[in-house]
Amino acid sequence: MNEHDLTLRIGGEAGMGLESSGAGFAKALMRGGLWVFGVPDFRSRIRGGHNFFTLRAGPTPLYSIADPVHLLLALDKETIRRHLADVVPGGAIVYDQQLELEDELQREDVVYVPVPLTEMAREIGGAEVMRNTLALGVASGLLDFDLQHVETVIRENFSRKGEEVVDANLKLAQEGVRLSEPFKDDYSFRLRPAAEPPERILINGTQAFALGALAGGGRFVSGYPMTPGSPVLIWFAQHGADYGVVAKHVEDEIAAINMALGAAVMGARSLVPTSGGGFALMVEATGFAGIGEIPVVIYNAQRPGPATGLPTRTEQGDLLFMIHAAQGEFARMVLAPGSIEEAFHLGWHAFNAAERAQTPVMVLSDQFLADAFRSVEPSALNFDAVALDRGKLLTEAELDNLSEDYRRYKVTESGVSPRALPGHPNAVFVTESNEHDEYPRINEEMDNRVAQQSKRMRKVQTLREDVPAPTWYGPEESELTLICWGSTYGPAREAVDRLNTEAAGRANLLHFSGLEPFPPTAEAELNRAQLKIVVEGNYTGQLESLIRTHTGIEADSAIRRFDGRPFRPEYILAQLEEV
Amino acid sequence: MVTRADYRIDERPTWCRGCGDYGILNALSRALVEQGIAPHETIVVTGIGCGSKLPQYMRVNGMHTLHGRPMPIAQGARLANHDMHVIVVHGDGDGYGEGLGHFAHGVRRNPRLTELVQNNKIYGLTKGQYSPTSAQGWRTSTSPRGSAEQKVEPLALAITQGATFVARGYPGKLDHLIWLIGEALNYPGYALIDILQPCVTFNPKRSYDYYNPRVYALEDESDYDPTDRTAAWLQAQAWGERIPIGIFYRVDPEPSLETYEPALEAGPLVKQPLKPLNTEQITTLLEPLR
Chain A
77 MNEHDLTLRI
87 GGEAGMGLES
97 SGAGFAKALM
107 RGGLWVFGVP
117 DFRSRIRGGH
127 NFFTLRAGPT
137 PLYSIADPVH
147 LLLALDKETI
157 RRHLADVVPG
167 GAIVYDQQLE
177 LEDELQREDV
187 VYVPVPLTEM
197 AREIGGAEVM
207 RNTLALGVAS
217 GLLDFDLQHV
227 ETVIRENFSR
237 KGEEVVDANL
247 KLAQEGVRLS
257 EPFKDDYSFR
267 LRPAAEPPER
277 ILINGTQAFA
287 LGALAGGGRF
297 VSGYPMTPGS
307 PVLIWFAQHG
317 ADYGVVAKHV
327 EDEIAAINMA
337 LGAAVMGARS
347 LVPTSGGGFA
357 LMVEATGFAG
367 IGEIPVVIYN
377 AQRPGPATGL
387 PTRTEQGDLL
397 FMIHAAQGEF
407 ARMVLAPGSI
417 EEAFHLGWHA
427 FNAAERAQTP
437 VMVLSDQFLA
447 DAFRSVEPSA
457 LNFDAVALDR
467 GKLLTEAELD
477 NLSEDYRRYK
487 VTESGVSPRA
497 LPGHPNAVFV
507 TESNEHDEYP
517 RINEEMDNRV
527 AQQSKRMRKV
537 QTLREDVPAP
547 TWYGPEESEL
557 TLICWGSTYG
567 PAREAVDRLN
577 TEAAGRANLL
587 HFSGLEPFPP
597 TAEAELNRAQ
607 LKIVVEGNYT
617 GQLESLIRTH
627 TGIEADSAIR
637 RFDGRPFRPE
647 YILAQLEEV
Chain B
4 MVTRADYRID
14 ERPTWCRGCG
24 DYGILNALSR
34 ALVEQGIAPH
44 ETIVVTGIGC
54 GSKLPQYMRV
64 NGMHTLHGRP
74 MPIAQGARLA
84 NHDMHVIVVH
94 GDGDGYGEGL
104 GHFAHGVRRN
114 PRLTELVQNN
124 KIYGLTKGQY
134 SPTSAQGWRT
144 STSPRGSAEQ
154 KVEPLALAIT
164 QGATFVARGY
174 PGKLDHLIWL
184 IGEALNYPGY
194 ALIDILQPCV
204 TFNPKRSYDY
214 YNPRVYALED
224 ESDYDPTDRT
234 AAWLQAQAWG
244 ERIPIGIFYR
254 VDPEPSLETY
264 EPALEAGPLV
274 KQPLKPLNTE
284 QITTLLEPLR
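Going line by line, the protein sequences match chains A and B. For the first sequence, this note's numbering begins at 77 and goes up steadily by one. For the second sequence, this note's numbering begins at 4 and goes up steadily by one.
These are computed hints drawn from the structure, not numbers from a lab.
Here are some, though not all, of the chain A residues that point toward chain B, as calculated from beta-carbon distances under 8 Å:
id: 1; residue: 322
id: 2; residue: 326
id: 3; residue: 504
Quick list of in silico lysine to any residue cross-link-like pairs, SDA-like style, CA-CA up to 25 Å:
id: 4; chain 1: A; residue 1: 608; chain 2: A; residue 2: 626
id: 5; chain 1: B; residue 1: 274; chain 2: A; residue 2: 313
id: 6; chain 1: A; residue 1: 237; chain 2: B; residue 2: 293
id: 7; chain 1: A; residue 1: 531; chain 2: A; residue 2: 541
id: 8; chain 1: A; residue 1: 260; chain 2: A; residue 2: 108
id: 9; chain 1: B; residue 1: 278; chain 2: A; residue 2: 310
id: 10; chain 1: B; residue 1: 130; chain 2: B; residue 2: 154
id: 11; chain 1: A; residue 1: 260; chain 2: A; residue 2: 143
id: 12; chain 1: B; residue 1: 274; chain 2: A; residue 2: 469
id: 13; chain 1: A; residue 1: 247; chain 2: A; residue 2: 234
id: 14; chain 1: A; residue 1: 608; chain 2: A; residue 2: 630
id: 15; chain 1: B; residue 1: 278; chain 2: A; residue 2: 466
id: 16; chain 1: B; residue 1: 274; chain 2: A; residue 2: 473
id: 17; chain 1: A; residue 1: 153; chain 2: A; residue 2: 184
id: 18; chain 1: B; residue 1: 130; chain 2: A; residue 2: 510
id: 19; chain 1: B; residue 1: 130; chain 2: A; residue 2: 519
id: 20; chain 1: A; residue 1: 531; chain 2: A; residue 2: 403
id: 21; chain 1: B; residue 1: 274; chain 2: B; residue 2: 40
id: 22; chain 1: A; residue 1: 468; chain 2: A; residue 2: 526
id: 23; chain 1: B; residue 1: 274; chain 2: A; residue 2: 463
id: 24; chain 1: B; residue 1: 274; chain 2: A; residue 2: 318
id: 25; chain 1: B; residue 1: 130; chain 2: B; residue 2: 142
id: 26; chain 1: A; residue 1: 153; chain 2: A; residue 2: 175
id: 27; chain 1: A; residue 1: 468; chain 2: B; residue 2: 43
id: 28; chain 1: B; residue 1: 278; chain 2: A; residue 2: 473
id: 29; chain 1: B; residue 1: 278; chain 2: A; residue 2: 456
id: 30; chain 1: B; residue 1: 154; chain 2: B; residue 2: 232
id: 31; chain 1: B; residue 1: 278; chain 2: A; residue 2: 455
id: 32; chain 1: B; residue 1: 278; chain 2: A; residue 2: 542
id: 33; chain 1: A; residue 1: 468; chain 2: B; residue 2: 275
id: 34; chain 1: A; residue 1: 260; chain 2: A; residue 2: 109
id: 35; chain 1: B; residue 1: 278; chain 2: A; residue 2: 417
id: 36; chain 1: A; residue 1: 237; chain 2: B; residue 2: 292
id: 37; chain 1: B; residue 1: 274; chain 2: A; residue 2: 481
id: 38; chain 1: B; residue 1: 208; chain 2: B; residue 2: 218
id: 39; chain 1: B; residue 1: 274; chain 2: A; residue 2: 502
Positions of the beta carbon are idealized from the N, C-alpha and C atoms, including for glycine.
Based on the sequences and whatever the hints tell you, model everything.
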């Protein structure tokens, strides 16, 4: 049977190569025509501890991981101990036959598949780390997934290490299939490849956002490594130079954002990737971008705080912090993609919005969205839709013909001033962090302060035009509406699907990817919902409070999670029972 | 031709009468004119403090930024448009206090820019607290019993971190300062000029009367070799009855920061056309994901 999605989990210690094995197998499944969704679950350490990679695959598109595990690949005993309860009846556990399993690790309704993982990896491959390949070979055999796609991935992934390594891995995968034979009759779950699999791509939120930012003309990236934001910096450091991008890893986050501001003033579309703790260090400079009217894109992949918190885990705790960060008041935009498609779209849209309003635009991701892989049609990254809008940027010709002294902070109806880049003889000007007049000269007079502060705040109107409206998923008329933002979209969407499979018209979803300025259509959309339940990954209910602040609308109930783990549809459904 | 009128602006500085910042402003604009650099070809990046208001008092591109942060901002500006002369101007509190980390890291990156530090050994704008370059034991409003800290040695630190143009100037020797700034502007790497800046109001003990009899130019010493790194490092910490100014250390620079960026081979970042990715680029980018 192949009609349902299945979940595989491979677990062991850090340093065992779980993530690359998991990602490799995900790619093989995708190439076999299955839809996949995968997420690593890692601790903040280089070696040891318990890590695992969850991989879900099935015949329909997937937006989340799910709790039940159909096949557990245990590289150590700890994996069985921790995940035994998640294995469904009829599921299987592949483990090293050297391990002696105590009674509490035995279940009557689970198929145990002991294989010589370590011994054979040493014998054939000469390295214990190759037991992953053997385990995946066993998995392929049990699931009846034709090994050809796994073999292609092995060839691609190991070719750099030489023919011997490729051959050893291929042999181990094949041995795995052979070892699975005696257990196949007892195990009924199957993932058979399609005869003519369509072209798809396997991509995580980090890559989708980075590709969007590159497509949107991102040309300067500066950052300081901080999980889970650094993958964007690493992506640009590795790929940027081929596309005309300068990407710098600098001494600290304060330098990172200030360097980006310097580049932005000169005219480069600039991006600062970080996580919440790094952004905390960038707060003062964010305010400089506000009063200096400097377009910059700040990317924060959230992790649970405060302070060091849970470095490798996920949370949606920084929303109100981003909206309010820095002393004083200024216009800004806060975006929160909920999917691969939105991460790509907002990656380029953020630069347009920043340049159109000449102010900081923040993109809030989180560890879950940043690290989770999903297979999508290549068209999910809509490169054709990418447009580059630099707002009121003066052209060379306009500067050549400037009839009056250039005023960088000219008071206009929209609050947006025509912007010159330094370098033209007709527009010699200062970017100023003191309160200033139009030219700008430092100016502390009351009238001027009111004129300039009002001008800057009027730019909120331009931002409102550009902030994405909340979107609906599911039937228009529903008994209840789940309301979410950012990465919670995927699990909430699957929860809605399951509710409507049980009974049509039970639930729909209202998803916010634009949060500041609060989208003008939000109130009307919220009023269309019956029972309103806000689902978000934090303790205090930050979206719920935003909704109340901006619309006066009270949610009927809330589902929150702040244990550092991503939402799953099962979690949402279980909580719904309670509320 | 660039003239002094090009840099003139109708704005009175808020500095005290006799402030060393006037001399520095004067020397900078005159050096720029002497080097034939027009106001639109340069950008002066400053921090926060009395002296950092300098771009308000000359007609020039500028960024008046945040306390301690002009170094990274200037490096970003330089990486984005390396056609521009980038000059950092800030005080000792900005450069060696709040910005000491950026200073040390900026130096080792060797960006092609000129850094001028208005070093008056006091916090002037906040009315007289000891600074990172105040002598140990200096009594101020925040060090009523005398400061506990050793002073920062900026020139020695710069040499240690790999700087290859390290100098000290003094507005009381204006022609010498103009010459120094000109040398720095022409130097194809990072150039530091620490400037003894008298603060007549809040640090009168380190004003013209103190410096005039003590200051001498290394250029006048026939046996001083500015290519000797160890000698320069020692000389950079010399202080007392005789205070050296001039170029302490100068050798040919290593390749500057910009030369390490392949993206800049096609010209300044901001002068390269901003256009959507083409089909071939998209295919290449998606290939590893298939």
